[in-house]
Amino acid sequence: MHSLKTARPLLTSVAYFVLFAMILFSIIDVQAFKGSLRRACYLSLTLGEDEIQINDQFCGGYINPDTLNITNYIQLDGTPGTTIKGYICPIGQEQDNPQNNMESFDMMYYVALQVIIVASANGWSPLMYSMIDSEFFISCLFFIICIIILNFWLANLFVAVITNTFSAIRKETKTSAFGAGTYVMICLTCCRRVLKSVPEQNNSLTSKMMVGLLQMVARVILEVPRMRPLLLTVFGNMYGLLNMTLFLILINYIAALVSVQLLCGDYNSDETANFANLFNAFLNCGSAEDASGQTAVVVIFICAWMLFANFIVLQMFIAVINENFDVAVIRRLRVHT
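Throughout the sequence shown, residue numbering follows full-length UniProt numbering, covering 1 to 337 in sequence.
Honestly, the hints are just simulated from the structure, not real lab data.
Just so it is clear, the structure is predicted and the values come from calculations on it, not from any experiment.
Ideal Cβ placement from N, Cα and C applies to all residues, glycine included.
Do not take every clue at face value.
Straight-line Cα separation of at most 20 Å, EDC-like style, residue types lysine to aspartate or glutamate; simulated pairs [said to hold, decoys possible]:
#1 K5 <-> D106
#2 K85 <-> D56
#3 K34 <-> D106
#4 K34 <-> D56
#5 K34 <-> D50
#6 K34 <-> D77
#7 K34 <-> E103
Have a look at the derived ranges for each label pair, beta carbon to beta carbon [stated by the list, open to error]:
#8 S44 <-> M102: 25 to 33 Å
#9 A32 <-> D56: 15 to 23 Å
#10 M216 <-> N101: 47 to 55 Å
#11 A168 <-> M216: 25 to 33 Å
#12 F152 <-> M216: 35 to 43 Å
Input sequences plus hints: build the corresponding full structure.
Right, dumping it as structure tokens:
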């Protein structure tokens, strides 16, 4: 935590820069893709039944049943659209946006949610394919550029800031920047409370077999040439890795407490991702799944936690490994001198 406080000014500057880039991409999204996810495909039945929507199929036009010509999609007010584009289906007409209008490019805050999904590099490809069906194929270039800039370039700025800051702390204090201090006991208490909610099962035999299997795999890996020195270099400072792991468990536990208060009872007990108890919340608080039916507070919480966990916390592990490599180089120089 002290290391994060030291890096706070630079992290704040990088966060503002990333936020500016996200707002810029959101503005471009609204101008380029507004109303694109409202266009869906329908099947026209011949016996007078209601039209049936084709699930998850977006379009930009349809085939006229009388003339068999490609025709503009039908807007909500019944008038034809302006341009024929994208996938051509039996009947194309506008409807509400998917996920209770949450997956949308019509409003700025909905677009910002889609940009965050793309920036996290999780679940962005179905959105891109839907946009290709609804717009021109060249629209995929926007998503490719967005993920390259936000995820590959700007997200790595956090890695650079955290790594350089913690390296400077280690040089000034001559100690690791990843000291756990008083957080060790707190994290152990969090682990005990989370594991206490797990149902007890008689699986001692399975556990022993798993431990034996892991030992055999570890022996095989260590026999690979040059693998042992590399592992000793990467995991040389186990104290720093342990402290970083405990810090991750602590903030994950805090996020689980908040998610239980916000989402408890909103999911069915038979669903895989539910927040019925603390253990399930601990496992699922990092996933931004379907936000339909939730308030804006829940959406903001899930997005903020996802960005913080992916762009800052996980990058701290890279800083720990980088610190281990620096220590190995310093030791090698001392041996030669």
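Evaluated hints:
no.	hint	in the structure
1	K5 <-> D106	38 Å, violated
2	K85 <-> D56	17 Å, holds
3	K34 <-> D106	5 Å, holds
4	K34 <-> D56	18 Å, holds
5	K34 <-> D50	28 Å, violated
6	K34 <-> D77	16 Å, holds
7	K34 <-> E103	11 Å, holds
8	S44 <-> M102: 25 to 33 Å	28 Å, holds
9	A32 <-> D56: 15 to 23 Å	21 Å, holds
10	M216 <-> N101: 47 to 55 Å	53 Å, holds
11	A168 <-> M216: 25 to 33 Å	42 Å, violated
12	F152 <-> M216: 35 to 43 Å	38 Å, holds
Of the numbered hints listed earlier, those contradicted by the structure are 1, 5, 11.
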